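Peer 1: Based on these hints, arrange chain B on the given structure of chain A.
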Amino acid sequence: MIDPQTLQAAVRELPALPQALSDLLAALQREDVAVEQLALKIASDQALTAKALRLANCSFYGVAGRVHSIRDAINVLGLRSLAGALTAAAVSGSFARPRCAGFDFDAYWRHSMASALCAQALAQSLKIDEAAAFTAALLHDIGRLALASHYPDALAQALRHRAERDCQPVTAERHILGTDHAQVGASIAEHWRFAPAIVDAIRRHHAPPDDGGVSLLDVVHVADNIAHALDVCGLPDELVPPLSLSAWTRLALSPEQYRQIFERTEWQLNDLCEALTV
Amino acid sequence: MSTTVEPTPKAPPSPPPNRLEWLFRDVLRQGLVHPLIHLVQQYRSGEAA
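Just so you know, the sequences run in chain order A and B. This note's numbering runs 257 ahead of the 1-based position in the first sequence. This note's numbering runs 46 ahead of the 1-based position in the second sequence.
Hints were generated in silico from the structure; no laboratory data involved. Given the structure is predicted, the values throughout are model-derived calculations rather than measurements. Where hints are given, some of them may not hold.
[Said to hold, decoys possible] Some chain A residues close to chain B (C-beta under 7 Å, calculated; not the full set):
#1 A486
#2 D488
#3 E495
#4 L496
#5 P499
#6 L500
#7 P512
#8 Y515
#9 R516
#10 F519
Every residue gets a Cβ at the ideal spot worked out from N, C-alpha and C, and that includes glycine.
Excised from the complex, chain A in its bound form (with noise of 0.2 Å):
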């Protein structure tokens, strides 16, 4: 068992993210926004800026090769779009690559990056914030990789667990950690200073609400489980969790739009990894 108090320090040490991102996700809240400030801000961090031009440059954007600058960036992305990029550059270098056994990292990338594409296009559909679905899929399962850098004995363990018993991670988790990779991504985003529709759909994403209108939360649910049964990753023991059916019924996309998704989640999958080259 993990001591949720030990796991909260951990949380806290957690380096915080870049702050010309913190800045440009403070800015998103507000409707001032200074454009040019926030740009200057974006550019000086040079580490920061080249990952998310790189990113913006691959044909998942559809701009390949015309943003050669922050400010190109945020003209031809627009401002929310320009923060998912920064937001998963930033993310992809705050962990290091685990020793943990029985954690494979290029496998948690690929579907947490096929969730985060299918989510985008779930909410195009839907019309709901496009940039925020990236984001909250994106960042999804960021608990397992916490606990992977954290606590690789314990989750190994739990990892042995789930292997043996072929039941559900979060299952195993809960069993051995006496907690889940839900919550304690929940409490790296709030962290982090992620919108609290953001921090909700990472902790309740293996459990959408049976009532209320269509949320980020069912997006991310339901992306969730698309990048599952799409077998991105091709593991010998890929799991397809539970669907919530009242979560289901909320998104009313038709057959064709969910094949539709799964066409364009599978064909810019490729691209957008090798753009991040985590």
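Peer 2: Below, chain B alone, put in the same frame as chain A:
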């Protein structure tokens, strides 16, 4: 602490030839409805055609 019911330990099953059934094995074991099984099956059939 979680109240999740702990599954009985058992030897992991062997993968069947049908990869889709294997991916959804936990859902199928529990008898849960999962619309994605049919949608992904149709999608893969369309790719193969």
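Peer 1: Against each hint, give a clear statement of whether it holds in the structure.
Peer 2: Hint by hint, here is what the structure shows:
no.	hint	in the structure
1	A486	5 Å, holds
2	D488	6 Å, holds
3	E495	6 Å, holds
4	L496	5 Å, holds
5	P499	5 Å, holds
6	L500	5 Å, holds
7	P512	6 Å, holds
8	Y515	5 Å, holds
9	R516	5 Å, holds
10	F519	5 Å, holds
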